[in-house]
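Participant: Single-letter residue listing:
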Amino acid sequence: MSLLAELQAFFAVYALKWPEWSGPMGRAVIVTLQITALAYALGLVVGLVVALGRLSRNPFLRRAAAVYVEVARGVPALVVLFLIYYGLVPLGVVLDAVPAAVIGLGLSAGGYVAEIVRAGIGATHRGQREAGASIGLTPLGVYRFILIPQAARIALPPLVGVLIAVLKDSSLASLISAPDIMLRAKDISSSDFLPLHILLVAGALYFVLALPLSAAASALERRMSRGLKSRP
Amino acid sequence: MTDPLLKIEGLRKSFGALEVLHGVDLALDQSRKVAIIGPSGSGKTTILRCVNYLEVPTGGHVWLDGELIGEKRVGDRFVHLSERELAPQRREMGFVFQNFYLWPHLTVLENVALGPWRVQGMARREAMDLAETMLDKVHMGHKRDEYPERLSGGQQQRVGMARALAQQPKVILFDEPTSALDPELVGEVLSVIQELAAEGRTMILVTHEIRFARDVADVVVFMDGGRIVEQGPPAAVIDDPRHERTRRFLGQLGRG
Ligand SMILES: Nc1ncnc2c1ncn2[C@@H]1O[C@H](COP(=O)(O)OP(=O)(O)OP(=O)(O)O)[C@@H](O)[C@H]1O
Ligand SMILES: [Mg+2]
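Protein chains in written order, with my numbering: chain A, 1 to 232; chain B, 1001 to 1256.
Watch out, some of these pointers could steer you wrong.
Said to hold, decoys possible - Far from chain A by the CB rule (all over 10 Å, computed), these chain B residues:
{"#": "1", "residue": "A1027"}
{"#": "2", "residue": "H1061"}
{"#": "3", "residue": "R1091"}
{"#": "4", "residue": "E1092"}
{"#": "5", "residue": "G1115"}
{"#": "6", "residue": "R1163"}
{"#": "7", "residue": "E1176"}
Said to hold, decoys possible - Between beta-carbon pairs, the in silico distance windows are:
{"#": "8", "chain 1": "A", "residue 1": "N58", "chain 2": "B", "residue 2": "E1244", "range": "33 to 41 Å"}
{"#": "9", "chain 1": "A", "residue 1": "A119", "chain 2": "B", "residue 2": "T1058", "range": "30 to 38 Å"}
{"#": "10", "chain 1": "B", "residue 1": "H1139", "chain 2": "A", "residue 2": "L213", "range": "45 to 53 Å"}
{"#": "11", "chain 1": "A", "residue 1": "N58", "chain 2": "B", "residue 2": "P1088", "range": "47 to 55 Å"}
{"#": "12", "chain 1": "A", "residue 1": "S218", "chain 2": "B", "residue 2": "V1074", "range": "19 to 27 Å"}
{"#": "13", "chain 1": "A", "residue 1": "A123", "chain 2": "B", "residue 2": "T1002", "range": "26 to 34 Å"}
{"#": "14", "chain 1": "B", "residue 1": "L1018", "chain 2": "A", "residue 2": "R62", "range": "47 to 55 Å"}
Treat the hints as calculated values from the structure; they're not laboratory data. Ideal placement from N, C-alpha and C gives every residue a C-beta, glycine not left out.
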C-alpha cells in the first residue's frame, strides 16, 4: 500500500467511529472544563491568601506561607491527588473523583499563583504604597485600591499560564478515575483497540481548549511589555 | 496664647546605627508657611516623613491640632499606633512627593477622588465633584480623564497637589515638589503653591528654590547634619544669616 493509501485508511476510521465516540468525548470535555475551572478558581483564592501571608508582618504567617509555597510546588500534583483521593479514606474522608481532583489541583496551583501575585505586588513601587498611606488609606485599603489592581495587571499573563497548566494537569484526574477526556480516551482505546486514533483525539481536544488561552496570554504579554502603564 | 497647629518636639531618627535627626523642634501656627532649606542629606525629607509617620521616629513627639500623632499615652509611656490607627491621622496631613507617586492604574480624576471616596466615605458622585474642584484649583481640570503617564512632570505634580488638597488636610507637607522637574516646568508648580499659600493654607515646604522660599514662607529653617542651625523670617535667615554654615550654603547656591 502506498503511504497516501495508508493515511486514507487511517483517517477513514474516524469517519466510522466518530459518531460512536463523539457522545462520551463531548461529555468528557465538559468534565475536564469543570475540573479545570473549579481547580483554577480554588487556586486563585488559595494563592491570593498565601501571597498576602507571605507579605504579612506576622513572622509566623510569613513562614507558614513560605512553607506552603515550597510544598505545593515541590510535591507532584499526582501525589497530591492520590493523597486526597486515597490517602484520606482511612480518616473517614471519602471524596468523589471530581471534587478530589478539584481540591488537589487547586491546592497545587495555589502555590504557583501565590508566587506570581507576590511578585506582582513586589513590583509596584514603595512610593505607590506610601502615597496610599499618606491620603489616609488603611493597609487593607492600600492593598485593595492600589497594590492588588496594579499587581493584577503585572500578574495577568503568568496567571493565564497557570490556567493552561491546570488544564493540562487535569488529565491526571483520570488516574483517580474522574470521567475526563483522558479517562474516556483510555476506555475507548481499550474497548476499540484503536489507541493511536483516540489518543490523537484527546491530544487535539486539549490543544484546541488551550489554544485561545495561549493566544490571550501572549496578547496580554505584548500589551504589558509596552509598559505597565499603557492602557486602552 | 493658643497652641500651635503643628508642633514637633525633640524629633530624632536613626537608620540602624546612623542617627540622621538629632532632636528637632519646630512649631507652626495655623496658616503659617515654613520653608526648610539645607544641603543634601541634612534630614529634610526625613523630618517630613516622620511628621506623618511614614518613617517612625526613634524619639520625640509630633502634635497636630493638639492631637498626639503616631502614638498614644498608656500610663506614663508612649506607645506607637498601628498603621490602621495612623490612617485617620495621616488624612489630616497632605503629602506632596518629590516623585509625585500618582497611581498609574487610575485616571487623574480617580487619583484625586480616591481619598474623598474611600477614606472620607463620601458618595462617589460627591467625591468626583470635590476632585474636580481640586483639579480646577491646580489648573488640571482639562486632563481629568487622562492617565498619569500621559502628563508632563509639572502636570503630574499639580495632580499630586490636587490629591493632597482633596484630603482636606490641616497641613500640607511638600518634599521638594519641583526638584524632579525639568527647569521649564518648575514655574507652573511654584505658582500653584503660591496660590495655595495665598489661600491661607498651613504648609511645610522642603525646597531648594531659595528665592521662592523667601517670597512664600513666613519662616525659613536652615538644616545641616540633622539639626536646625537657624530659623526665622526669610529676611533674617536668607538675607542676613547669622551662622557661618548658612552663609556658606547660600553662597554655594548663589554661585551654583
Ligand atoms: N531609609 C533609609 N535608610 C538609611 N538611611 C537613610 C534612609 N533614608 C534616609 N537616610 C539617610 O538619612 C540622611 C538624611 O536623609 P534625607 O533624605 O532626610 O536628606 P535630605 O535633606 O532630604 O536630602 P536631599 O536634599 O538630598 O533630599 C541621609 O544621610 C540619608 O542617607
Ligand atoms: Mg530629600
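Participant: For every hint, state whether the structure bears it out.
Facilitator: Here is what the structure says about each hint:
| no. | hint | verdict |
| --- | --- | --- |
| 1 | A1027 | 22 Å, holds |
| 2 | H1061 | 20 Å, holds |
| 3 | R1091 | 3 Å, violated |
| 4 | E1092 | 8 Å, violated |
| 5 | G1115 | 4 Å, violated |
| 6 | R1163 | 7 Å, violated |
| 7 | E1176 | 14 Å, holds |
| 8 | A:N58 / B:E1244: 33 to 41 Å | 51 Å, violated |
| 9 | A:A119 / B:T1058: 30 to 38 Å | 33 Å, holds |
| 10 | B:H1139 / A:L213: 45 to 53 Å | 46 Å, holds |
| 11 | A:N58 / B:P1088: 47 to 55 Å | 23 Å, violated |
| 12 | A:S218 / B:V1074: 19 to 27 Å | 57 Å, violated |
| 13 | A:A123 / B:T1002: 26 to 34 Å | 47 Å, violated |
| 14 | B:L1018 / A:R62: 47 to 55 Å | 27 Å, violated |
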